[in-house]
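K.L.:
Since the structure of chain A is already known, use the hints to place chain V on it.
Going down the list, the sequences are from chains A and V.
Going letter by letter, the first sequence gives residues 1 to 448 in UniProt numbering.
Going letter by letter, the second sequence gives residues 1 to 654 in UniProt numbering.
Derived by calculation from the structure, the hints in this document are not laboratory data.
Misleading hints may appear alongside valid ones.
Label-pair restraints from in silico Cβ distances [unchecked claim]:
#  : chain 1 : residue 1 : chain 2 : residue 2 : range
1  : V       : Ile21     : A       : Gly352    : 44 to 52 Å
2  : V       : Arg39     : A       : Gly352    : 47 to 55 Å
3  : V       : His313    : A       : Lys322    : 55 to 63 Å
4  : A       : Arg339    : V       : Val19     : 54 to 62 Å
5  : V       : Gly84     : A       : Thr302    : 42 to 50 Å
6  : A       : Arg339    : V       : Trp653    : 36 to 44 Å
7  : A       : Gly352    : V       : Ser360    : 34 to 42 Å
8  : A       : Thr284    : V       : His645    : 52 to 60 Å
9  : V       : Gln271    : A       : Gln280    : 45 to 53 Å
10 : V       : Val250    : A       : Thr319    : 32 to 40 Å
11 : A       : Thr319    : V       : Ile650    : 36 to 44 Å
12 : A       : Arg339    : V       : Ile54     : 42 to 50 Å
13 : A       : Thr284    : V       : Gly145    : 34 to 42 Å
14 : A       : Ala247    : V       : Val250    : 55 to 63 Å
Backbone N, C-alpha and C fix where the C-beta goes; we use that ideal spot for every residue, glycine too.
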Amino acid sequence: MDHKDRFANFSAQNPQKWEDPSVLDYSSRIEPPLQGNPGAQIKFPDPLNELLQASKIQDWDPTAMLNNLSFLEQKIHHLRGLVHSIVGRRDRVSGQAQPYGLVAQQQQLVTADLTSIIVQLISTAGGLLPYVKHTPSTQSATSPSLGQFQPQNGGGGSGGSGVSELQNSVDVSTNEEHESKDEEDGEELGENLFPGTYEILQLEKEEILAPHTHFCTICGKGFKRDANLRMHMRGHGDEYKTPAALAKPNKESSSEPALIKRYSCPFTGCKRNKDHKKFQPLKTILCVKNHYKRTHCDKRYTCSRCNTKKFSVIADLKTHEKHCGKDKWLCSCGTTFSRKDKLFGHIALFQGHTPAIPLDDTKGSTGICVPGDSSEAVNKVGNMDMFNFSSSVDVKGSIDDPAGCFSPLNFETCNFVDNAHATELGESSNAAPGNFSPACYEKALNGV
Amino acid sequence: MPPFQSNKNILSLTEDLLVRIYEILVSESDRKSFRLACREFLRIDSLTRKHLRILRIEFLPVLLHKYPRLQSLDLSACPRIEDGVVSLLLSQVGPASNSLRFGNWTRGLKSLVLSRATGLRFSGLEMLARACPCLESVDVSYCCGFGDREAAALSFAVGLRELNMDKCLGLTDVGLAKIAVGCLKLEKLSLKWCMEITDLGVDLLCKKCVDLKFLDVSYLKVTNESLHSIASLLKLEALGLMACPLIDDVGLQFIERGCPLLKAIDVSRCQGLSSSGLMFVVRGHGNLLELNAGYCLSELSTALLHQIKNLKHLEVIRIDGARIPESSFQVISANCKSLVEIGVSKCVGVTNMGLMRLVSGCINLRVLNLTCCHSITDAAISAIANSCRNLVCLKLESCNMITEKGLCQLGSFCLLLEEIDLTDCCGVNDKGLEYLSRCSELSCLKLGLCSNISDKGLSYISSNCKKIHELDLYRCTGIGDDGLDSLSSGCKELKKLNLSYCNEVSDRGLGYIGRLEELCDLEMRALNKITGVGLESVAAGCKRLADLDLKHCEKVDDLGFWALAYYSRNLRQINLSYCAISDMALCLVMGNLTRLQEAKLVHLCNVTVEGFELALRACCIRIKKVKLLATLRFMLSAEILETLHARGCIIRWD
Numbered sequence: 001m002d003h004k005d006r007f008a009n010f011s012a013q014n015p016q017k018w019e020d021p022s023v024l025d026y027s028s029r030i031e032p033p034l035q036g037n038p039g040a041q042i043k044f045p046d047p048l049n050e051l052l053q054a055s056k057i058q059d060w061d062p063t064a065m066l067n068n069l070s071f072l073e074q075k076i077h078h079l080r081g082l083v084h085s086i087v088g089r090r091d092r093v094s095g096q097a098q099p100y101g102l103v104a105q106q107q108q109l110v111t112a113d114l115t116s117i118i119v120q121l122i123s124t125a126g127g128l129l130p131y132v133k134h135t136p137s138t139q140s141a142t143s144p145s146l147g148q149f150q151p152q153n154g155g156g157g158s159g160g161s162g163v164s165e166l167q168n169s170v171d172v173s174t175n176e177e178h179e180s181k182d183e184e185d186g187e188e189l190g191e192n193l194f195p196g197t198y199e200i201l202q203l204e205k206e207e208i209l210a211p212h213t214h215f216c217t218i219c220g221k222g223f224k225r226d227a228n229l230r231m232h233m234r235g236h237g238d239e240y241k242t243p244a245a246l247a248k249p250n251k252e253s254s255s256e257p258a259l260i261k262r263y264s265c266p267f268t269g270c271k272r273n274k275d276h277k278k279f280q281p282l283k284t285i286l287c288v289k290n291h292y293k294r295t296h297c298d299k300r301y302t303c304s305r306c307n308t309k310k311f312s313v314i315a316d317l318k319t320h321e322k323h324c325g326k327d328k329w330l331c332s333c334g335t336t337f338s339r340k341d342k343l344f345g346h347i348a349l350f351q352g353h354t355p356a357i358p359l360d361d362t363k364g365s366t367g368i369c370v371p372g373d374s375s376e377a378v379n380k381v382g383n384m385d386m387f388n389f390s391s392s393v394d395v396k397g398s399i400d401d402p403a404g405c406f407s408p409l410n411f412e413t414c415n416f417v418d419n420a421h422a423t424e425l426g427e428s429s430n431a432a433p434g435n436f437s438p439a440c441y442e443k444a445l446n447g448v
Numbered sequence: 001m002p003p004f005q006s007n008k009n010i011l012s013l014t015e016d017l018l019v020r021i022y023e024i025l026v027s028e029s030d031r032k033s034f035r036l037a038c039r040e041f042l043r044i045d046s047l048t049r050k051h052l053r054i055l056r057i058e059f060l061p062v063l064l065h066k067y068p069r070l071q072s073l074d075l076s077a078c079p080r081i082e083d084g085v086v087s088l089l090l091s092q093v094g095p096a097s098n099s100l101r102f103g104n105w106t107r108g109l110k111s112l113v114l115s116r117a118t119g120l121r122f123s124g125l126e127m128l129a130r131a132c133p134c135l136e137s138v139d140v141s142y143c144c145g146f147g148d149r150e151a152a153a154l155s156f157a158v159g160l161r162e163l164n165m166d167k168c169l170g171l172t173d174v175g176l177a178k179i180a181v182g183c184l185k186l187e188k189l190s191l192k193w194c195m196e197i198t199d200l201g202v203d204l205l206c207k208k209c210v211d212l213k214f215l216d217v218s219y220l221k222v223t224n225e226s227l228h229s230i231a232s233l234l235k236l237e238a239l240g241l242m243a244c245p246l247i248d249d250v251g252l253q254f255i256e257r258g259c260p261l262l263k264a265i266d267v268s269r270c271q272g273l274s275s276s277g278l279m280f281v282v283r284g285h286g287n288l289l290e291l292n293a294g295y296c297l298s299e300l301s302t303a304l305l306h307q308i309k310n311l312k313h314l315e316v317i318r319i320d321g322a323r324i325p326e327s328s329f330q331v332i333s334a335n336c337k338s339l340v341e342i343g344v345s346k347c348v349g350v351t352n353m354g355l356m357r358l359v360s361g362c363i364n365l366r367v368l369n370l371t372c373c374h375s376i377t378d379a380a381i382s383a384i385a386n387s388c389r390n391l392v393c394l395k396l397e398s399c400n401m402i403t404e405k406g407l408c409q410l411g412s413f414c415l416l417l418e419e420i421d422l423t424d425c426c427g428v429n430d431k432g433l434e435y436l437s438r439c440s441e442l443s444c445l446k447l448g449l450c451s452n453i454s455d456k457g458l459s460y461i462s463s464n465c466k467k468i469h470e471l472d473l474y475r476c477t478g479i480g481d482d483g484l485d486s487l488s489s490g491c492k493e494l495k496k497l498n499l500s501y502c503n504e505v506s507d508r509g510l511g512y513i514g515r516l517e518e519l520c521d522l523e524m525r526a527l528n529k530i531t532g533v534g535l536e537s538v539a540a541g542c543k544r545l546a547d548l549d550l551k552h553c554e555k556v557d558d559l560g561f562w563a564l565a566y567y568s569r570n571l572r573q574i575n576l577s578y579c580a581i582s583d584m585a586l587c588l589v590m591g592n593l594t595r596l597q598e599a600k601l602v603h604l605c606n607v608t609v610e611g612f613e614l615a616l617r618a619c620c621i622r623i624k625k626v627k628l629l630a631t632l633r634f635m636l637s638a639e640i641l642e643t644l645h646a647r648g649c650i651i652r653w654d
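So that you can see chain A by itself, here it is in the shape it has in the complex (with noise of 0.2 Å):
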């Protein structure tokens, strides 16, 4: 299927999903797997469901969470159980060939519950996300987050794949800037520090998002005012009590610390979170600062020009100003380009689409992309009705980052269900006779 048509599929399906009230309802998540519908029990690990639980909760709540400790470890229990009869059966039938459907069906159910596990697993600490736990807005603070899940929420069972390459389609430029910008602010380490050889710094969010621009290299405390900063760093020892310390800073200060020290962006299964598998430090608390507000935080900040872009650090803001209106690069699907190579890289991935001819009178007036020609909007508009700019805009602005919200685990164990079962056993209510459907498994295993 093509992404565009995917993409229409979602906005218009979006909004039943969100009414739906089965969607919003968490007690359908603790459903032991086996009891009811297994379709349903595929499609609970939804993130969109987790979100919506997560922000529901307000602050954690211990017994949920035993609650939920001792669900998971039922449901492990249970597996076991499975798993067993499944090689006791073997064992008694290991003369003959075991007709390889079964196999793969059998194994294939096993991996949707041990997927199950893993969500809730993960959904359960996601109870313990900091941003969660006191949100002045919260919904200001999830739908960028909740926008990058959306799609595949949209497209139902088989939008796993697509997701991606929508991602990839929508939002090659936005990465581009952000990509570049990064590496500006030094975010990009590009060096091999060992664990272990430095030091890591984790502030809370707020520390982050407090407006100050001076912090303490030691316990990272933040200040409007150099000055109020030396009057602090007081408080960290002697040495910082001498004349020289307290003085206006030259040139450099004097004392270089021995350990070097790195950040941890405080957002649970971010990659630069210090819990992620793949952790990449941040270098300085700028970098902490604009990561944070960047990927974790709502684009406040729109563009007084186009009213398009949006974007929650003043300076990338100011930065897209300078260029906005001027040197689009616009392709027939909407999207735009700040270079003419990214929209020519663009074109030649997906087929169909075309660099827009930008009007000679209207360059420049708006950084509102308008297609080029009558012709070409026409022919844009018969071919995929699906890009209003709002939306495709805010799509771009939440998947900046994929690891934005969950790790990827979360991601992936998502696009394996769709992948593995929604083809193979969500359509199994119908119950087709050839197909087979856990029902029939779970008697064929009790007969056996």
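P.N.:
Coordinates of chain V only, in the frame set by chain A:
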């Protein structure tokens, strides 16, 4: 038996037989005679005709009705094709019309030539591209104003296989991308002089149009990156890289490893290349048929020669401008037996001995370019004539040592010779022309600057070479009116004639020229004996005249120009610089000649600013290019200049 007798008429032949007869007729004039014979033949003509090249757009609607099976339409000779005209054509006789009787002319159209159709813009092109579902070939070369919008319009012709966009100066990567994405079946694409195209565009093209067999990116500022992309084209057979200043040997290394079917490559005038780059190409493509490396090598190195030796199938090699060691000819002669064309013009080291060795092996040569090989003499010509009996084209410009002896050999052995260039060969005399006239197939003869020939020599040619199409007598001061007399009675097929600076020619001579009905291109600069009378006889006689150069014919008066304005309705280009034309006559010429596309009008001492203004107003809707004195720039009204500009006319300020 009278009834039976009457049935044996040619008209009793069935339609298909008549069609077969018609198809045997190749030349346009024969076909014209055929269709003028009778109504039945005319009907056969209109049923069978597949190609149409028209001179006047106003007849097009009628003609489109007449020829329902048209596959190819050439509008390049029409002065004005505009969007409005196209929309009219499409609505009156096209798909929108209800006339079932004539069918739909766009339905079967496969080829469309719109070269120099500068009046057309993207909306017209788009209408055409959408209306012709079978369109396979489009030529919009030299439509200098064309750019991305026009390319986008063309991209609606999804079945396009061949596209020529030479000198569409506005075309950028964006337009090329439109075409690359829209016309995925493209097999042949020429982008000469589309200066805005860069590596990005070429790269995208190569990714999208994988069926490309022919690609010409000559004169573009593309780099090795483009060659890297081009190397991925698996079906590419011919690659034009002429005068690409930014490519070098590294780029050709990509070509060595790519393009497995490459048959022809043109790297002439590529400044960045050396013989090692060519060695890569030759090494990678042992089946190469054509190698054009003119003016890009300083020397034909032994290493390169060693590689070229392996090209057993090589048919064409051009290494103009290089230094060639004498031994090279031996090697080429011994190894490249299938050579048909050799170009060694302006090469240093081309000697009699070398050429003798060359032709001893390459006996199939048909085209040989020895321009400016000053050291060759009759001995070499004699060897060539003896070995290469199939020689069709021989260029000997500036080979001063050639005399009638050499021409005698050519006249004796090279009886298939069609084209010979003897410009600036002062050894050519009347006797030589007499020998040469034995080559009765001769169609193109260039004798410019041969001051030793006279009317007598020309009469030999006139009486024996009946097929002459093109004759260049530039500065042949020995030629006078009598020569033109014999010429006009002998060479009736003459189409192109250059008489510039033949000072002896007078009005009488031009009277003879007037008998050449096929003549369409006449250059007669600085004939200071001719007056309006002479010009009148030319204008009245040469009905097909399309290109006329009268520069410095200062004695021609208004009488002549009036005649020109009255008779020469097919005139397309005119040079009137330094003529004594008046305001009135200029106005008449420019206004009356409805096919006129280009005029050079500098130093017209009798024309006032008002005269220019009026003349330009009279022709502004169809003129495409005009040359004027720079001083006029601020004297002409802004209005007329704007009109000309809006109409796509290019003004060259001298």
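K.L.:
Now, for every hint given, state plainly whether the structure supports it.
P.N.:
Structure-based check of each hint:
In this structure, Ile21/V and Gly352/A meet the distance hint of 44 to 52 Å, their C-beta atoms being roughly 49 Å apart. Between Arg39/V and Gly352/A the Cβ separation comes to about 52 Å, which falls inside the hinted range of 47 to 55 Å. At roughly 59 Å, the beta-carbon separation of His313/V and Lys322/A lies within the given 55 to 63 Å, and the hint holds. Arg339/A and Val19/V have their C-beta atoms about 59 Å apart, which keeps the hinted 54 to 62 Å range intact.
Evaluation of the 42 to 50 Å hint for Gly84/V and Thr302/A yields a pass: the beta carbon distance comes to about 45 Å. Hint check: Arg339/A to Trp653/V, Cβ distance near 38 Å, so the stated range 36 to 44 Å holds. Take Gly352/A and Ser360/V: their Cβ atoms lie about 59 Å apart, and the range 34 to 42 Å is violated. Between Thr284/A and His645/V the Cβ separation comes to about 58 Å, which falls inside the hinted range of 52 to 60 Å.
In this structure the hint that Gln271/V and Gln280/A lie 45 to 53 Å apart at CB holds, the actual value being about 48 Å. For the pair Val250/V and Thr319/A, the supplied restraint of 32 to 40 Å holds, since their beta-carbon distance comes to about 37 Å. Here the CB-CB span from Thr319/A to Ile650/V is close to 42 Å, well matched to the stated 36 to 44 Å. Judged by the Cβ atoms, the range 42 to 50 Å given for Arg339/A and Ile54/V holds: they are separated by roughly 46 Å.
A hinted range of 34 to 42 Å for the beta carbons of Thr284/A and Gly145/V is inconsistent with their spacing of about 54 Å. Take Ala247/A and Val250/V: their Cβ atoms lie about 59 Å apart, and the range 55 to 63 Å holds.
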